[in-house]
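Sequence lines, in order, name chains R and U.
Numbers 0 to 79, taken from numbering that gives the first Met the number 0, label the letters of the first sequence in order.
Numbers 0 to 146, taken from numbering that gives the first Met the number 0, label the letters of the second sequence in order.
Heads up, some of the hints might be wrong.
Said to hold, decoys possible - Facing chain R, according to a computed beta carbon distance under 7 Å, are these residues of chain U, among others:
1. A49
2. H51
3. N57
4. S65
5. S76
6. N80
To be verified - Estimated spans, in silico, between C-beta atoms of each pair:
7. U:N136 - R:P66: 45 to 55 Å
8. R:P66 - U:P36: 27 to 37 Å
9. R:D31 - U:T4: 44 to 54 Å
10. R:L19 - U:A81: 11 to 21 Å
Don't read these hints as lab results, they were simulated from the structure.
Just so it is clear, the structure is predicted and the values come from calculations on it, not from any experiment.
Using N, Cα and C, we set each Cβ at its ideal position, and we do this for glycine too.
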Amino acid sequence: MATPLEQEVRTYNRLLPELLAQSGRFALIKGDHLVDTFDSYHDAMKRGYAEFGLEPFMVKLIAPAEPVAYFSRDLAACRA
Amino acid sequence: MPGITVTNSAAGPTLNVLIGPSIPLQQALQAAGMVPPPPVAGLFLVDTGASHTVVDGNLIRPLCLSPTGTVMIHTPSTGGNAVPMYQFDLMIYVPGASPGVGWLIDALPVTASSFDGQSIDGLIGRDILDRGLLVYNGSAGHFTLAY
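Turn these sequences into a full structure, and let the hints steer you where they fit.
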């Protein structure tokens, strides 16, 4: 059984070479489809909810290398 | 620039904040004829060692949110490797010194974790602090957050 957003993550990775020209923007992805890219996270989420309502979709910052979040304390897993 | 000055708690520089579905999600819920869940309150540690804001899973579970993103994270226990974690689309409200002058972050991708036994419900990370001004007065035992 697929985990949440598994397909969207695969789609992002597949499209990344083409998306790199838009680094710094936010990609809205539903399933295996790139919907559009946006200047801000807020705009991407707004469009996602407008288009897909409460169905799953993913918004991701376009970056040549996967951005990493750093924490000086341990975090228990709620892993993707 | 409005702000609040808060006395440090036993857990350090902590703030009582409200979290809930992001404003765009609340609008989507209303458009679908649903009532957005009310915000929930939690005690958050202002943590300059956290690049991103984190919320205890117990706080967001009642909101019934689906993940809307993933992020790779590094912690002291990930052994030098980044691991993926889900992100949830949240609204965060830091109440101000008087009613109606608080700090509203209407949509923010936030990671969930567990803070069981740590006397806090989450971390205010630099993704929020980068939008404001933090002054930590250790000798006076308080801090100021302006936004």
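A quick look at each hint next to the structure:
Evaluation of the A49 of chain U hint against chain R yields a held restraint, the C-beta minimum of about 5 Å falling below 7 Å. Taking 7 Å as the C-beta contact cut-off toward chain R, the hint placing H51 of chain U at the interface holds, the least distance being around 4 Å. Nearest Cβ of chain R to the Cβ of N57 of chain U: about 11 Å, over the 7 Å cut. The hint is violated. Proximity of S65 of chain U to chain R holds as hinted, the smallest CB-CB distance being about 5 Å (cut-off 7 Å).
Interface hint at S76 of chain U: satisfied, since its Cβ lies 5 Å from the closest Cβ of chain R, which is below the 7 Å cut-off. For the restraint placing N80 of chain U at the interface with chain R, the shortest Cβ-Cβ distance is roughly 10 Å, beyond the 7 Å limit, so the hint is violated. A hinted range of 45 to 55 Å for the beta carbons of N136 of chain U and P66 of chain R is inconsistent with their spacing of about 32 Å. Between P66 of chain R and P36 of chain U the C-beta distance comes to about 29 Å, which sits within the given range of 27 to 37 Å.
Between D31 of chain R and T4 of chain U the C-beta distance comes to about 50 Å, which sits within the given range of 44 to 54 Å. A hinted range of 11 to 21 Å for the beta carbons of L19 of chain R and A81 of chain U is consistent with their spacing of about 20 Å.
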